[in-house]
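Student: Place chain Z on chain R using the hints.
Line by line, the protein sequences give chains R and Z.
The letter at position 62 of the first sequence is residue 61 when you use numbering that gives the first Met the number 0, and the numbering goes up by one with no holes.
The letter at position 89 of the second sequence is residue 88 when you use numbering that gives the first Met the number 0, and the numbering goes up by one with no holes.
No wet-lab data here; the hints were simulated from the structure.
Owing to the predicted nature of the structure, the values given are computational and were not obtained by experimental measurement.
Computed cross-link-like contacts, BS3-like style, restricted to lysine-lysine with a CA-CA straight-line distance of at most 30 Å:
1. R/K118 with Z/K281
2. Z/K364 with Z/K424
3. R/K118 with Z/K364
Derived list of chain R stretches under chain Z, where covered just means 3 residues or more per stretch with a C-beta under 8 Å from a C-beta of chain Z:
4. 83-92
5. 105-113
Ideal placement from N, C-alpha and C gives every residue a C-beta, glycine not left out.
The lines below spell out each chain.
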Amino acid sequence: MFLPATRTETIARLRDQIARITHGDGGASRAVRTIPFGIPALDQSLRPSGGLLLGCLHEVAGAGPDTEHGAAAALFLGGVLARLEGPVLWVVERQDLFAPGLACAGLHPARLVFAEAGKDVLAAMEEGLAHSGLTAVVGEYAGRLSLVASRRLQLAAEQSGVMAALLRRSRIFNDPALAAPSAAVTRWRIAALPSDPPLPHAPAVPGLGRALWRLELTHRRGGEPGSWIVEACDATGRLALVAGVAHGSATETGRAA
Amino acid sequence: MHDGRRRVIAAVDASAAQAGLWPGMPVAQGQALVPELTVREARPDDDMAALRRLAGWCLRYAPLAAAAPPDGVWIDVTGSAHLRGGETQLLRDLVSRLLAQGFSARAAVADTPGAAHAMARFGMEEITVVPSGGQAAALARLPLAALRLPEETLDGLRLMGIEQIGALAALPRAPLVRRFGTLVTARLDQAFGRAPETIEPEFPPELIQARLTFVEPLLTAEAFATVIDRLTVTVCSDMERLGSGARRLDLLFERVDGTTQAIRIGTARASRDTRHLTRLLKERIERVDPGLGVEAMRLIVPRMGKLVPAQAAARLTAADMEEPDIAPLIDRLANRLGPERVYRVAPVDSDVPERSVRQVQAQEKAVGTWPADLPRPVRLLDPPQPVEAMALLPDHPPMAFTWRRVRHRVRRADGPERIAGEWWKRNGETRSVRDYFRVEDEEGHRYWLFRRGDGENAISGDMRWFLHGFF
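In isolation and in its complexed conformation, chain R is listed as follows:
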């Protein structure tokens, strides 16, 4: 029997070739087609791309009480985008993002264009995805997402090569509607975890260290889900694996070779 990794690897390589042919010129900005996390365990399980693919739809949601505000999810996306270049369109229903907070994750305000779209988030996202001058389009969406709607976004992203990210929000903690089928290539859930003391050797010292997240890859097209415990984005948007902690589910380590 085939190893699933090799098969998907081949398919992805072919897809990449097709994309390069259809996009013709394949200019410098299109050369980078994946954005790795820089964490080997994470990137390996995202093989063959070895990271988040541009030109695809990704879904991110918070967990627990953060499902409503998606603060960790916004920081997670901010960190991913901080490591890319070029303008980003961030579509919100109602503005509650605080740009200095995104700047703390390395996303410079000069790269951001905001659009307050009310009920038209998905349409505005699609508009943005049609514009290949953008690097990414982020949409914060609180409603139900039909399979058709998500497929439209995925197609628009594929055609222009712009990364599409849906930040799903809901007033209901861990809303089951967020797990409904969608055309997203990867779907993430970012949950906060109690962080470690800032100085491990002196736990009594007060203060806050880096936040701790559980990254859950709940769905992945052509791949398996996984779960990792990471330190939240630093000032350049990088995550870090927590040193010396045995973590993650069995599925995550199973295929790492």
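Tutor: Chain Z alone, transformed into the frame defined by chain R:
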């Protein structure tokens, strides 16, 4: 002005009105009242021309504007007011700009031209916005003169003891028509919105425009799209001769029933790219109600700008590659959502968190960033929400806090970061202080809390706790 028998006053300014002069008074009588009266010969033609120019200027507010002699301008703000932040905002802007040009102006918005006319001239305020459907109530107490009726009709009505529009509207219609003709009831119906009244729009000849009339009235969106293509090509070639591009385009649909519908689009940067412009226009077609059909369409360029050469040809260096041109996208989003809802955020040098950001236009380039060493939340609550918290004074973080009836025990915390009020900006902030704490609850969620006050002196704040954001 000469009324055939004698010279009469045509118009008076504010101080003359105060001295007891009124339009229609013989000049001789006025001079007797005020010996030092300045009399200038009325020039109605020049007035009309000036009014026309003013109406043309008003096109900046909406696609349809017309002179309303002797002293008014109509603007059809249907669908345009939100671009200026609402009707009140639009009127305020309009009146203050006119004032800056040396006009004294009063303005009103209402459902019908008649009601707006009356409120602008006889309303209590300089600026009036009559709520939709509220014209009957708004007009009831106004004098009859607000109805645009000839003087002899007004005299006749006054003889009947009627002074206010409300009283007139309450009268049976048939006797009114028998005595005064249909004009009185027609004006009432126009003001109350029972009869349509159209505005003959003004098109300053110096503006670039194109118009197409049709043998058969058009009804379908496809037909409109075809016409848009042709009109845009004409207009763009005219602009090409001038070397400029459109910053704003108005497309008017002249309907069979004599009314006009309009759509307006704006661009972030001057453009004469036919593909881009037609696309913006076509996105708006669905907002047009063709009624029984459209017999002519007119495309006007009320605002032009110098065309910045396209950057595509000049992409020589790597630095140019990094700045893709997103102006067309901004146009499309602004047309869909409204220009004030597409923006960038730029840093402001302020310690108070909610004042440290400012929205700038999307085509502007935001410069600078915030100090990197200050941790700031990614979501900000506006306004901050009060929470119940327990903390040791003066500078300990809270041990627990309750927000929306959920109690969070604080496991770790960092702070305080003291933010003092900006006394040089606001009077009330001379002594006020906020102490910010970053706290993490037992589940690991991070919150940004502050206490109003320094924890010691009551003058610095009332010591209440607020939740201001999430990390």
